[in-house]
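Chemist: These are the residues of each chain, in order.
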Amino acid sequence: MENHASKHTIAALVENKPGVLNRVASLFRRRNFNVDSLTVGRTHKGHISRMTIVVDAARTDARKIISNLVKLINVIDVKLVSSELHVSRDLALVKVRSDDAESRNGLTLLCERYPARIVDIGPEYAIVEITAQEDIVEGFIEEAAKIGIVELVRTGVVAMGRGTRILDTEYEPIIPVSANGNAHQVY
Amino acid sequence: MLLSGAEIIWECLLREGVDVVFGYPGGAILPTYDALSKYPQMHHVLVRHEQGACHMADGYARATGKVGVAIATSGPGATNLVTGIATSMMDSTPIVCITGQVPSPVIGTDAFQETDVTGITLPITKHNYLVGSIEELPYIIREAFYIARTGRPGPVLVDIPKDIQNKKIEFVYPEGEIRVPGYRPPSKATDKQVRDALELIQQAERPVILAGHGIIMSGASQELQELSERAQIPIALTLLGKGAVPENHPLVIGMMGMHGEAASNHAIQEADLLIALGMRFDDRVTGNLKTYSPHSRKIHVDIDPSEINKNVKVDVGIAGDLKTVIRQFLPGVKSGSHAAWLNRIRDWDEDSNERDIVNTYDGDKLFGALAINDLWKYTGGEAITVTDVGQHQMLEAQYYPHQRPATMITSGGLGTMGFGLPAAIGAKFGKPDEEVWAIVGDGGFQMTLCELATAMQEGIKVNIAIINNGFLGMVRQWQELFHESRYNATPMFSPDFCKLADAYGIPNMRVTSRDQIEEAVQFARSHETTVLIEFVVEKEEMVYPMVPAGADLHAMIRRPKPNER
Ligand SMILES: Cc1ncc(C[n+]2csc(CCOP(=O)(O)OP(=O)(O)O)c2C)c(N)n1
Numbered sequence: 014m015e016n017h018a019s020k021h022t023i024a025a026l027v028e029n030k031p032g033v034l035n036r037v038a039s040l041f042r043r044r045n046f047n048v049d050s051l052t053v054g055r056t057h058k059g060h061i062s063r064m065t066i067v068v069d070a071a072r073t074d075a076r077k078i079i080s081n082l083v084k085l086i087n088v089i090d091v092k093l094v095s096s097e098l099h100v101s102r103d104l105a106l107v108k109v110r111s112d113d114a115e116s117r118n119g120l121t122l123l124c125e126r127y128p129a130r131i132v133d134i135g136p137e138y139a140i141v142e143i144t145a146q147e148d149i150v151e152g153f154i155e156e157a158a159k160i161g162i163v164e165l166v167r168t169g170v171v172a173m174g175r176g177t178r179i180l181d182t183e184y185e186p187i188i189p190v191s192a193n194g195n196a197h198q199v200y
Numbered sequence: 004m005l006l007s008g009a010e011i012i013w014e015c016l017l018r019e020g021v022d023v024v025f026g027y028p029g030g031a032i033l034p035t036y037d038a039l040s041k042y043p044q045m046h047h048v049l050v051r052h053e054q055g056a057c058h059m060a061d062g063y064a065r066a067t068g069k070v071g072v073a074i075a076t077s078g079p080g081a082t083n084l085v086t087g088i089a090t091s092m093m094d095s096t097p098i099v100c101i102t103g104q105v106p107s108p109v110i111g112t113d114a115f116q117e118t119d120v121t122g123i124t125l126p127i128t129k130h131n132y133l134v135g136s137i138e139e140l141p142y143i144i145r146e147a148f149y150i151a152r153t154g155r156p157g158p159v160l161v162d163i164p165k166d167i168q169n170k171k172i173e174f175v176y177p178e179g180e181i182r183v184p185g186y187r188p189p190s191k192a193t194d195k196q197v198r199d200a201l202e203l204i205q206q207a208e209r210p211v212i213l214a215g216h217g218i219i220m221s222g223a224s225q226e227l228q229e230l231s232e233r234a235q236i237p238i239a240l241t242l243l244g245k246g247a248v249p250e251n252h253p254l255v256i257g258m259m260g261m262h263g264e265a266a267s268n269h270a271i272q273e274a275d276l277l278i279a280l281g282m283r284f285d286d287r288v289t290g291n292l293k294t295y296s297p298h299s300r301k302i303h304v305d306i307d308p309s310e311i312n313k314n315v316k317v318d319v320g321i322a323g324d325l326k327t328v329i330r331q332f333l334p335g336v337k338s339g340s341h342a343a344w345l346n347r348i349r350d351w352d353e354d355s356n357e358r359d360i361v362n363t364y365d366g367d368k369l370f371g372a373l374a375i376n377d378l379w380k381y382t383g384g385e386a387i388t389v390t391d392v393g394q395h396q397m398l399e400a401q402y403y404p405h406q407r408p409a410t411m412i413t414s415g416g417l418g419t420m421g422f423g424l425p426a427a428i429g430a431k432f433g434k435p436d437e438e439v440w441a442i443v444g445d446g447g448f449q450m451t452l453c454e455l456a457t458a459m460q461e462g463i464k465v466n467i468a469i470i471n472n473g474f475l476g477m478v479r480q481w482q483e484l485f486h487e488s489r490y491n492a493t494p495m496f497s498p499d500f501c502k503l504a505d506a507y508g509i510p511n512m513r514v515t516s517r518d519q520i521e522e523a524v525q526f527a528r529s530h531e532t533t534v535l536i537e538f539v540v541e542k543e544e545m546v547y548p549m550v551p552a553g554a555d556l557h558a559m560i561r562r563p564k565p566n567e568r
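Chains S and X supply the protein sequences, listed in that same order. The opening residue of the first sequence carries number 14 in my numbering; numbering runs sequentially from there. The opening residue of the second sequence carries number 4 in my numbering; numbering runs sequentially from there.
Keep in mind that the hints were calculated from the coordinates and are not lab data. Certain hints may be false.
Capping the alpha-carbon separation at 30 Å, the derived lysine-lysine pairs in DSS-like fashion look like this [as the list claims (entries may be wrong)]: (1) K92/S with K77/S; (2) K171/X with K30/S; (3) K191/X with K84/S; (4) K326/X with K434/X; (5) K77/S with K195/X; (6) K92/S with K191/X; (7) K92/S with K195/X; (8) K313/X with K84/S; (9) K195/X with K84/S; (10) K77/S with K326/X; (11) K293/X with K313/X; (12) K77/S with K293/X; (13) K316/X with K191/X; (14) K313/X with K77/S; (15) K434/X with K502/X; (16) K92/S with K313/X; (17) K316/X with K84/S; (18) K191/X with K77/S; (19) K316/X with K77/S; (20) K170/X with K30/S; (21) K84/S with K293/X; (22) K542/X with K380/X; (23) K41/X with K171/X; (24) K84/S with K326/X; (25) K69/X with K84/S; (26) K316/X with K92/S; (27) K564/X with K542/X.
Work out the full structure: start from the sequences and follow the hints.
Modeler: Written out as structure tokens, the structure is:
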């Protein structure tokens with residue numbers, strides 16, 4: 014139910030073919046669109062992937078991005094998810110110092126206050142996983158930094174409209190898939 | 004029918020109605036050339052440089068509205084197409100480029116003449132394909148043509164590995180509807196958009212229509228003329244919109260923009276309504292965006308939704324096909340008169356005629372403007388003219404009014420020198436019964452003059468007018484105006500163009516004074532082959548008016564009055 018007025022979140026259904034991510038990235042570079050994060054992954058349909066793109070609303074006109082994305086032939090549908098009720102999540106793996114009692118206690122307390130858990134712990138460092146809204150992840154990182162972050166990776170935001178707001182496509186590929194499974198894949 | 008990939012390429016092209024292709028062979032495309040002998044109904048034009056193939060396909064497409072086809076081999080063949088593809092992309096012309104690629108198993112190994120052509124052309128094509136299997140080949144070619152010619156047209160490239168050209172399958176042509184899931188060109192306006200637009204049109208006191216290339220590509224000339232006549236709205240044209248309506252029509256107020264007519268630019272700046280139809284508010288037509296047409300409401304109709312509100316914020320933006328949308332407007336357009344406004348424009352026009360156009364130098368000197376104006380006169384204004392880029396291009400736009408759509412062919416968006424001659428050859432292939440003139444500068448002509456040999460080998464007739472001023476004229480003009488006449492790298496040595504023509508067996512004539520021009524046109528017409536006419540013109544001519552890049556549209560530099568020179 015998040016609504017970040019300062020950020021636009023765009024979801025795009027794209028054909029699952031090599032080069033599609035390249036086309037989208039090339040578009041953003043060419044049109045000088047500033048992107049905060051871009052994630053891509055498969056959907057429950059093998060031939061469809063889904064991207065979530067987050068941009069800074071102050072610097073980038075979401076309509077411009079959408080009308081240009083729609084122009085890409087491999088982009089099937091685009092939606093401004095942040096204009097309606099939606100759920101969004103960002104996942105981070107944070108490697109934090111855990112070499113004394115104070116840091117270990119600090120971490121444990123932090124994980125109680127955030128949707129985070131320790132997924133690996135050793136004598137020197139622990140890895141904490143947090144999955145939450147982007148701003149919550151950021152709050153967590155800020156606090157963890159006080160303990161001492163040595164490594165960090167984030168997936169970038171994924172988002173989905175709530176309730177009956179469904180972004181899907183009926184499209185099925187028409188080109189027969191050849192024996193080596195290559196057809197319609199190697200574009 | 005068991006066919007090779009190479010044969011499938013030709014089968015698919017024939018089914019698209021293609022009967023001429025422009026190309027150049029090489030290793031990676033050789034199987035396709037080998038299969039050509041089975042298709043005598045297909046005419047292949049051997050160019051002298053792949054850039055020429057692309058421009059020819061482009062010229063063919065612009066003259067006919069059909070998809071032009073260029074073929075090249077992998078690596079250097081494909082990279083030579085790049086300028087032509089970018090030219091086509093910027094001016095939204097439908098072409099399909101077919102390139103050979105190294106065999107699939109060695110892709111990615113830096114094989115001989117391997118280049119990532121789909122990577123290179125990604126940002127300059129409407130779409131491109133690297134064919135992954137012979138099964139998908141016919142689908143891809145069909146899709147490529149469909150995408151190239153529909154919606155906002157553009158170049159599509161199909162890169163085909165050599166092994167796929169050689170492989171064989173049982174060929175069944177994919178009939179039926181083409182389904183490209185992510186491709187839905189808009190078609191028409193909503194009722195609300197029509198109502199909103201009509202309301203603005205109804206209220207306007209000082210309306211101007213801005214007509215662009217889209218009118219020609221959508222075939223909406225009739226509709227545009229009807230709209231303009233019924234509501235008495237004057238029409239300003241973009242460079243690529245020239246000929247969209249007969250330019251001698253009393254409501255046509257001329258070209259707009261950097262070298263547009265003063266009357267058009269003033270009208271745009273003072274208008275209270277702009278109706279932009281199939282144009283994209285390029286910086287060369289708007290000048291400074293902050294001061295552009297400050298008092299007007301704006302209606303923008305374009306086939307490409309991403310053009311709407313891109314450069315200029317509009318009040319009513321409609322993504323749709325122009326012919327369809329104007330037809331939606333027409334029933335609601337009331338007959339109007341804007342007599343005071345039209346008179347106002349007429350006054351600007353007279354002033355402009357006096358200052359910029361008629362007020363060219365007289366005496367016996369041969370100026371490019373006069374050469375082109377005489378060319379207009381002696382060809383009855385009926386020729387298809389294909390220009391190169393520079394002063395002569397702008398002079399053509401100013402001094403050669405066109406009466407029919409698609410009879411002025413020029414590289415507008417990219418401004419590609421070297422476009423003229425090959426595009427003229429392509430246009431002639433598309434319109435063999437028309438008189439085609441390539442109007443080129445001494446600079447741009449030398450970029451692609453190798454295509455003279457193509458014209459002769461093909462026995463095709465284009466008339467070439469070289470406007471030879473001994474300079475890279477347009478750059479020299481900028482140097483004169485903005486760099487205190489420091490003519491660095493613009494004076495230009497040229498070969499004896501007539502002797503050069505002789506070497507190709509091309510009949511030729513040199514014109515050094517105005518009284519030879521009629522004879523030169525007759526001379527050109529009297530030959531069945533390509534003819535070259537060199538106009539030796541004044542070296543330091545200026546194109547006026549001129550809006551300096553980024554300046555306000557009304558802040559034109561005008562031609563000094565006779566007594567001020
Ligand atoms: C391929 C390319 N290179 C450079 C330019 C920059 N340019 C624009 S106009 C011009 C001069 C053209 O000279 P010429 O062909 O002699 O025509 P003129 O202006 O004298 O009529 C140049 C160099 C260009 N448009 N295209």
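Chemist: Would you pick out the hints that fail for this structure and give their numbers low to high?
Modeler: none
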